[in-house]
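Throw the hints in and build the complete structure from the sequences for me.
Spelled out from the first residue to the last, the chains are:
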Amino acid sequence: MKNKSVVPFMLLVGGAIAYGLSVIFKRFPTMPPAASAEAAFVDSAWHGLLVVEGAVYAMVMAFLLYCVFAFRARSRDEQGDKFDHSRGHFVEVAWIAGSIALTLALAALGTHELRRLISNPEADIDIEVRAQQFSWEFYYPRFKQFGAKLFLEKGKRHRIILTSKDVVHAFWVPEFRIKQDAVPGKAIPMIITPTKTGEFTMMCNQLCGWGHTDMLATVEVLEHEQFEQALNSEF
Amino acid sequence: MTDLIFGLVSGVGAFVLGSAVLGRLLGPQAAAVLSYLASLLIFLAVVGGAKALRSYARGAHPEEKHGLARYFSFDVDHKVVGIQYTAAALIVFLVGGLMALIMRLELARHGLQFLSPQQYNSIMTMHGISMVIVALIATAGGLGNFVVPLQLGARDMAFPRMNALSFWLLPPAVLLLLAAPLSGGLDFGWTAYAPLSTQGSTVGKIYFFLAFITAGFSSIFSGVNFLATALTMRARGMSWTRIPAFTWSVISAAIIQIMGTSVVAASLIMVIFDRILHTSFFNPELGGNALLYQHLFWYYSHPAVYIMILPAFGAILEIIPVYARKPLFAYKLVIASFLAITALSFVVWAHHMFTSGMWMLLKLPFMINTELISIPTGVVFLAVMGTLWRARMRLDSPMLWALAMTANFLIGGLTGIPLADAPTDLHLHDTWFIVAHFHFTIMGGAVFGFFAGFHHWFPKMTGRRLNEALAKTQCALMFVGFNAVFIPLFWLGSHGMRRHVADFPAWMDPVQTFASAAALLVAASVVLFIFNVIRSLRTGENAGDNPWEAITLEWKAPSPPPHGNFKTPPVVDRDPYDYGVASKA
Amino acid sequence: MDAATATEHGWREDEGGRVGLWFFILSEILLFGAFLASYIGTRLGNPDCALGTVVWPEAGHLPGLAMAASNTLILLTSSYTMVRAISRAEHADRAGFRANMIATIVLGAGFLVVKSFEYALKISHGYYPGSELAAAGPGLSIFLSYYYALTLLHALHVIVGLAWNGVALYAAAEAPMADVARRAEYAGLYWHFVDVIWVFLFPLLYLI
Ligand code: HEA
Ligand code: HEA
Ligand code: CUA
Ligand SMILES: [Cu+2]
Numbered sequence: 001m002k003n004k005s006v007v008p009f010m011l012l013v014g015g016a017i018a019y020g021l022s023v024i025f026k027r028f029p030t031m032p033p034a035a036s037a038e039a040a041f042v043d044s045a046w047h048g049l050l051v052v053e054g055a056v057y058a059m060v061m062a063f064l065l066y067c068v069f070a071f072r073a074r075s076r077d078e079q080g081d082k083f084d085h086s087r088g089h090f091v092e093v094a095w096i097a098g099s100i101a102l103t104l105a106l107a108a109l110g111t112h113e114l115r116r117l118i119s120n121p122e123a124d125i126d127i128e129v130r131a132q133q134f135s136w137e138f139y140y141p142r143f144k145q146f147g148a149k150l151f152l153e154k155g156k157r158h159r160i161i162l163t164s165k166d167v168v169h170a171f172w173v174p175e176f177r178i179k180q181d182a183v184p185g186k187a188i189p190m191i192i193t194p195t196k197t198g199e200f201t202m203m204c205n206q207l208c209g210w211g212h213t214d215m216l217a218t219v220e221v222l223e224h225e226q227f228e229q230a231l232n233s234e235f
Numbered sequence: 001m002t003d004l005i006f007g008l009v010s011g012v013g014a015f016v017l018g019s020a021v022l023g024r025l026l027g028p029q030a031a032a033v034l035s036y037l038a039s040l041l042i043f044l045a046v047v048g049g050a051k052a053l054r055s056y057a058r059g060a061h062p063e064e065k066h067g068l069a070r071y072f073s074f075d076v077d078h079k080v081v082g083i084q085y086t087a088a089a090l091i092v093f094l095v096g097g098l099m100a101l102i103m104r105l106e107l108a109r110h111g112l113q114f115l116s117p118q119q120y121n122s123i124m125t126m127h128g129i130s131m132v133i134v135a136l137i138a139t140a141g142g143l144g145n146f147v148v149p150l151q152l153g154a155r156d157m158a159f160p161r162m163n164a165l166s167f168w169l170l171p172p173a174v175l176l177l178l179a180a181p182l183s184g185g186l187d188f189g190w191t192a193y194a195p196l197s198t199q200g201s202t203v204g205k206i207y208f209f210l211a212f213i214t215a216g217f218s219s220i221f222s223g224v225n226f227l228a229t230a231l232t233m234r235a236r237g238m239s240w241t242r243i244p245a246f247t248w249s250v251i252s253a254a255i256i257q258i259m260g261t262s263v264v265a266a267s268l269i270m271v272i273f274d275r276i277l278h279t280s281f282f283n284p285e286l287g288g289n290a291l292l293y294q295h296l297f298w299y300y301s302h303p304a305v306y307i308m309i310l311p312a313f314g315a316i317l318e319i320i321p322v323y324a325r326k327p328l329f330a331y332k333l334v335i336a337s338f339l340a341i342t343a344l345s346f347v348v349w350a351h352h353m354f355t356s357g358m359w360m361l362l363k364l365p366f367m368i369n370t371e372l373i374s375i376p377t378g379v380v381f382l383a384v385m386g387t388l389w390r391a392r393m394r395l396d397s398p399m400l401w402a403l404a405m406t407a408n409f410l411i412g413g414l415t416g417i418p419l420a421d422a423p424t425d426l427h428l429h430d431t432w433f434i435v436a437h438f439h440f441t442i443m444g445g446a447v448f449g450f451f452a453g454f455h456h457w458f459p460k461m462t463g464r465r466l467n468e469a470l471a472k473t474q475c476a477l478m479f480v481g482f483n484a485v486f487i488p489l490f491w492l493g494s495h496g497m498r499r500h501v502a503d504f505p506a507w508m509d510p511v512q513t514f515a516s517a518a519a520l521l522v523a524a525s526v527v528l529f530i531f532n533v534i535r536s537l538r539t540g541e542n543a544g545d546n547p548w549e550a551i552t553l554e555w556k557a558p559s560p561p562p563h564g565n566f567k568t569p570p571v572v573d574r575d576p577y578d579y580g581v582a583s584k585a
Numbered sequence: 001m002d003a004a005t006a007t008e009h010g011w012r013e014d015e016g017g018r019v020g021l022w023f024f025i026l027s028e029i030l031l032f033g034a035f036l037a038s039y040i041g042t043r044l045g046n047p048d049c050a051l052g053t054v055v056w057p058e059a060g061h062l063p064g065l066a067m068a069a070s071n072t073l074i075l076l077t078s079s080y081t082m083v084r085a086i087s088r089a090e091h092a093d094r095a096g097f098r099a100n101m102i103a104t105i106v107l108g109a110g111f112l113v114v115k116s117f118e119y120a121l122k123i124s125h126g127y128y129p130g131s132e133l134a135a136a137g138p139g140l141s142i143f144l145s146y147y148y149a150l151t152l153l154h155a156l157h158v159i160v161g162l163a164w165n166g167v168a169l170y171a172a173a174e175a176p177m178a179d180v181a182r183r184a185e186y187a188g189l190y191w192h193f194v195d196v197i198w199v200f201l202f203p204l205l206y207l208i
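Chains as they are written, first to last, in the working numbering: chain A, 1 to 235; chain B, 1 to 585; chain C, 1 to 208.
Any given hint might turn out to be false.
Stated by the list, open to error - Listed below are the simulated SDA-like cross-link pairs for lysine to any residue, each with C-alpha atoms no more than 20 Å apart in a straight line:
(1) Lys332(B) - Val93(A)
(2) Lys115(C) - Thr151(C)
(3) Lys26(A) - Ala16(A)
(4) Lys186(A) - Pro284(B)
(5) Lys186(A) - Gly41(C)
(6) Lys82(A) - Trp548(B)
(7) Lys82(A) - Glu549(B)
(8) Lys149(A) - Leu216(A)
Quick caveat, the hints were computed from the structure, so don't treat them as lab data. Bear in mind that the values here come from a model prediction, so they are computed numbers and not experimental data.
Below is the structure:
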């Protein structure tokens, strides 16, 4: 705390920790494997947060631990050093400036990814997903057809229009990183662009009553041909 | 004591009778509301409200009581009220904790063990709401009522009778809450979102909302009381910049209590009307709006989390200088941050609604406002670090609790940012990542902070000392156990464990089982705590007036302080944290 | 309100009561504020009951309006008698205080009586949530929801105010006049607040 050279030092250490974390999180994923184009935006915001906050956490904890070991009283009559601010309030100013900078940086990153998430409302396929206690209905206007599962076509932009007959439910597929409540009296659109074929579980993610636990459904992402025939062959 | 028994008997009697008789005419729900109002008034009147009102009308002073019995009576002494609050908070904590244990047992592995989803939801709801009440009343209500007037050098609170009233509103609320799951169950979680909460016609849900409103009024009254006390009852020389941090934090919390609580009351009243008068506030078919509830609810319930945490911040910032033997670092900045948090807390509520389908453009301001709160909150950590630097730390139990709280809340706070961040919240909303986040803030922050304050002021409250060895073991046990329970839950949450479910995929078993086992450690630490308290109350060694060599006013009074607190009105002539010796360097 | 130690800021102990009461009223304002904000928001967002159009169906509207208007007068008068009561108390005039306070209480009770007749009238026309009429029209249903919620809530506050005034009146029985004056002042502050709320409700619920 004595001289101002702590600031560049802190920046260096913080940067190093952040970099180390970013490497680690590449190796050991902190989320299920992504399966939608939208997931990319969420994940980049997520990783930005993880590394910055990891660095903040590491440094604050290191400081606290150091103090606990370094500044013990050996006898009860020892007294601490009598100061209630740093020289010229340098530390206070630096800390506040730092946290403002970090906060704004994180907010900027979030804003950027949010914009990318909601900027483009165009879609290739419309699907009406209707929630009710305690089940889901998938209606395909283009095929005038209900789906037994939620069939999606790989690589296409789907506009899923969520409605609810009774209470608030929510649509969530962890691999898609997308979540949206289905609110009675509203029809809420949501864009999903799956990038991997295969089956995923979609779950109701808003407490909607006794049956909430079991309000699950399957999402199946198919290539173009299978998608078409799956919906034409229905019933 | 007799008043209390009569009060309970007549109150409960009136309630049962009223529900039975009126139920015939108006249907069970409306009957429940009316007979509850009646029985609440009867209970309050019998337990001592009537006497207090008469003495008020007569312009007389409230009567002074003595002996153990006053702790079970409508006593107006702020120290009694404070201890009543603390005891009540601990009891509710045990109940809520018991619910938590039941939940953890059910969640020990996938599939349903011994609870049906219904029972799980009810227990989870009870756990949530009772623990929220604990977090709201333990530090601000319990320690606050006891300590704040002492720290201000006042004889008592500004409105002693109203103070007793705010406490005695709580037992009816808690009793009603306990009756709720037995009367049709609670399927909606502590947030009780409409229209789920307006569905059906079981009286249990009505009980829940009545209890919530009652607790709300208690909270408003004590908020008013604290503010009036701080404004008008300060000792000579107690200028704004000499008020200790803890009292400042309670003042900030009080501001939130009076500015927010009545708004949530509005939404709860709407639900009750929707249920019994067939109004359509939350029913879209009849012109209502389902999101209105969430907006009104979170307008209060977000600031409410700062009602929980601010006093905890105050407590640890009060404690750390005493045991670090140093002045509090950046005192004025800390006070400013408390007030900044108070102000900001009212403009962030929709961060609970990022996925609710509210107007897209609202996401941005709410995301940024929320993240701004990390700046004043960061100042609290700055103060802790600055105070520990070049300290001469005494690691007595209160200090350990304070340090543990700091470590926990750092995690809790930092994990709040990804939730505040609209894109990542799309993934994290209503997952166990949030469960972990708020246990690290509420339990790791507010409850650990309460324990810190409890160990710090216990000698003042009772005149006796807790056993240090036991206290330290409990702290270590709870710290380890708590972190072991909740750190894995972050991972579970981000990998797809959603909230409010009794069952989950099998691959989560190892983590869940581990968390359940760790919860037993926490339980053990709680048992240890109860043992320690009972033991010291019976045979604890005499504490003396100032066991920690602290200099704030409460330590100038005898322990436990007599009626009127100070023999002579104290005069304040120094700053609250005037510790340490100037270094030669 | 017990003896406070004087502070350098020169507060007198009785000020504690005034300060506290203002804080309490602040939170009451927020309670009605929440309802009114939701009410305005609903009517702005909802064409079926858009602002500017009186939602009340013709039948029985004018009698109801008349009752509400007279109720407004009653409350304003009661505020006046309340002011007199307080000043009488401050001049240590027990009898005068009693007379005016009783007048205030009677007027307040009168308000409740008129209000209940108005409710009866509206219900007789089927203007209440859950009636077929309301079930037919979403606009009417939500409007009636707010109408009844706000007026019932206000009526509840009138009742509390009456009780409070009753305490002040009871105080006049034995307490020294200085204390009576203070209690009257607090009761009065709250009573004026209740009246002011009504002055807001009347145009919002009946005229626009
Ligand atoms: C102060 C706040 C607080 C505290 C301290 C706790 C403490 C704990 N909480 Fe809880 N919790 C909440 C507030 C809190 N919680 C809230 C608000 C929710 C959300 C609810 C909702 O979504 O609606 C929640 C939800 C919640 C969930 C998620 C439920 C779900 O979404 O499906 C879980 C799951 O593990 C959990 C676990 C625990 C555990 C294991 C503890 C442990 O730390 C508990 C430790 C305490 C004990 C173990 C007590 C031991 C007592 C005894 C041993 C003696 C008992 C004797 C008698 C009663 C006489 N809590
Ligand atoms: C005591 C209680 C408490 C506290 C203090 C907090 C503090 C915070 N909370 Fe938390 N929260 C809850 C209790 C609490 N929360 C509860 C109970 C819920 C769940 C409700 C429910 O749905 O049941 C919840 C849910 C919740 C959500 C909703 C998630 C969702 O439902 O989708 C969000 C979103 O923004 C959030 C954010 C935050 C933030 C940003 C803070 C901030 O105040 C944290 C600020 C602190 C720090 C950031 C750390 C210290 C700062 C520094 C070291 C400075 C440097 C750091 C940076 C620059 C980043 N919380
Ligand atoms: Cu539907 Cu939860
Ligand atoms: Cu919040």
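So, going through the hints one by one against the coordinates:
| no. | hint | in the structure |
| --- | --- | --- |
| 1 | Lys332(B) - Val93(A) | holds, 13 Å |
| 2 | Lys115(C) - Thr151(C) | holds, 9 Å |
| 3 | Lys26(A) - Ala16(A) | holds, 16 Å |
| 4 | Lys186(A) - Pro284(B) | holds, 9 Å |
| 5 | Lys186(A) - Gly41(C) | holds, 17 Å |
| 6 | Lys82(A) - Trp548(B) | holds, 18 Å |
| 7 | Lys82(A) - Glu549(B) | holds, 16 Å |
| 8 | Lys149(A) - Leu216(A) | holds, 11 Å |
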